[in-house]
Amino acid sequence: MTQTITQSSHQESSLPSWVIWVQCSAFVVLYAVWILPEIVGFRNTALATGAIFGAYSIYQYRKALLQKSALPIWLMIALFGWATFHLFFLSSNFPLQYIEYFRIWKYAAIGAVMATGLGLSLIHSSKQESVRYWFLIYFGLCTPCIIYLVKYVLTMVGRVYGLDIPVSMQVYSFSQPFYVPKTDYVAFCLPAFSVALGSLIRLSDIEGSWRLKDLLNLVAQILIISGTLFLFAAQNIKNGMVYAALLFIIFGMIFCARHISRLTWKKIAGILIAFAILISGIIVNVSKNDSWRTLVTDTKIGLQIEKYPNWKDEIKYNFPLNENGAMVSATNYQRAAWAYAGIKLAIENPMGYGLVEDSFAKLAKVRWPDVGSSLSHSHSGWLDVILAIGFPGFFLILGALLLAIKNSYLLRGGYESLLVFWPLLANLLLWCTTEVSATVTFAALIFWICLAGGLNAGTSMKTASPKLVAE
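Mapping the sequence shown onto my numbering, position 184 (from 1) lands on 184, and the numbers just tick up by one.
Be a bit skeptical, because a hint or two may be false.
Unchecked claim - Okay, the calculated beta carbon distance ranges per label pair:
(1) Leu272 to Phe135: 22 to 32 Å
(2) Thr84 to Glu306: 34 to 44 Å
(3) Ile206 to Arg103: 43 to 53 Å
(4) Lys316 to Cys256: 49 to 59 Å
To be verified - Below, computed lysine-lysine pairings styled on DSSO-like, alpha-carbon distance capped at 30 Å:
(5) Lys300 to Lys213
(6) Lys182 to Lys300
(7) Lys68 to Lys406
(8) Lys151 to Lys182
(9) Lys344 to Lys182
(10) Lys127 to Lys68
(11) Lys307 to Lys362
(12) Lys362 to Lys316
(13) Lys307 to Lys344
(14) Lys106 to Lys406
(15) Lys344 to Lys316
(16) Lys362 to Lys300
(17) Lys68 to Lys106
(18) Lys182 to Lys316
(19) Lys127 to Lys406
(20) Lys307 to Lys365
(21) Lys316 to Lys300
(22) Lys365 to Lys106
(23) Lys106 to Lys63
(24) Lys344 to Lys365
(25) Lys316 to Lys365
(26) Lys182 to Lys362
(27) Lys365 to Lys182
(28) Lys106 to Lys182
(29) Lys300 to Lys106
(30) Lys362 to Lys344
(31) Lys63 to Lys406
(32) Lys127 to Lys63
(33) Lys213 to Lys127
(34) Lys182 to Lys127
To be clear, the hints were calculated from the coordinates, so they are not data collected in a lab. Beta carbons: idealized from backbone N, C-alpha and C, even for Gly.
When you get a sec, could you build the whole thing from the sequences and use the hints?
Spelled out as structure tokens, the structure:
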């Protein structure tokens, strides 16, 4: 009996290494091009390839999905069920929601299959091979920032030397064919930044003197942190800077709780360098944004949505003055007003409107007929989710995300925790005040939850096997 169980466990954990390499490579390609316009073919090919091999992994390790730790995956399945129910029975605009269902939700479902299978494959791989897989995954996380930096350098070189750089290889600050929105940069570059912070904690766990590879690892993490902050500063992304600072605070709390009593000068120096880079980035961003200085006064005006209607249509209504007699910052005022209006709409429409991308505008038009055509999102991802699929859908996503964060943190010490826990934490934060309720970013959120769900479900199976053998 014991021999049979042992053989069964061995068979469940056997998967050709080339299958996992294909899955990891598909992830790298997908993550590298996910936010880039005009190359849908690469994105869809990577997504389809990853989903096909992911489905094979799910079938191979299907018993893992019966573990309690697989609950985030089941919550995601319930989410897709709720979206389907909402479409047919609660839809406020069936034609539009039907089109979006077979665009955004189909896209997210394919990504969920890919992510779940990838997580199961990674956690069941051998320890020696898994290190190589995770390095490839980490490289994939860094590719959006790397691509931006390459394009930035080419853009600057082209301007200085008058070179004819292809339009697809330049960076832009306004909407045009190859423009990448700031919100996409936050959603896809902040995870790598957070992993770099987690890597600093792993380096601090090393007992004794650091070897050369540890020093090189430190340099690599600092370069990743620097590159991400440079991107946020160059693109003038306030949200990115705010969440980078919040992640650094969380990093500092975890670091101090674990290592305050056994710090060495090398570890302190590494942390201080990373902290100095962060402060420098924040200073640059603050110096470029006068709106930080009037944040509180502008917010007070923005919360008076009935008295000051500019947030509805900035062309029709003039911007108001703050209590200092100066015109409000459009960013501060509008975001505060949109957030307050969105909360009111969420309370009045607890089941949501049905559209992931445009529910705020649709509901606001019904509530306030003078709303202009330029209104779109509430600029809070979580609030837009509530307005889209209601509180039931929101709690399914948030519950799955929090469970995935908890389970991933319990994998403390492994690459699984490092490369999943920190990106999940980054997503939890960035969805608070970023306009990320859209096709790509919504699918990416579901992807991260399912990747963590697959990893944690597979971990439970691995830890359960020895108990079965012993019995």
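>> For each hint given before, does the structure comply? Return the numbers of the non-compliant ones in rising order.
In response: Violated hints: 5, 29 and 34; rest satisfied.
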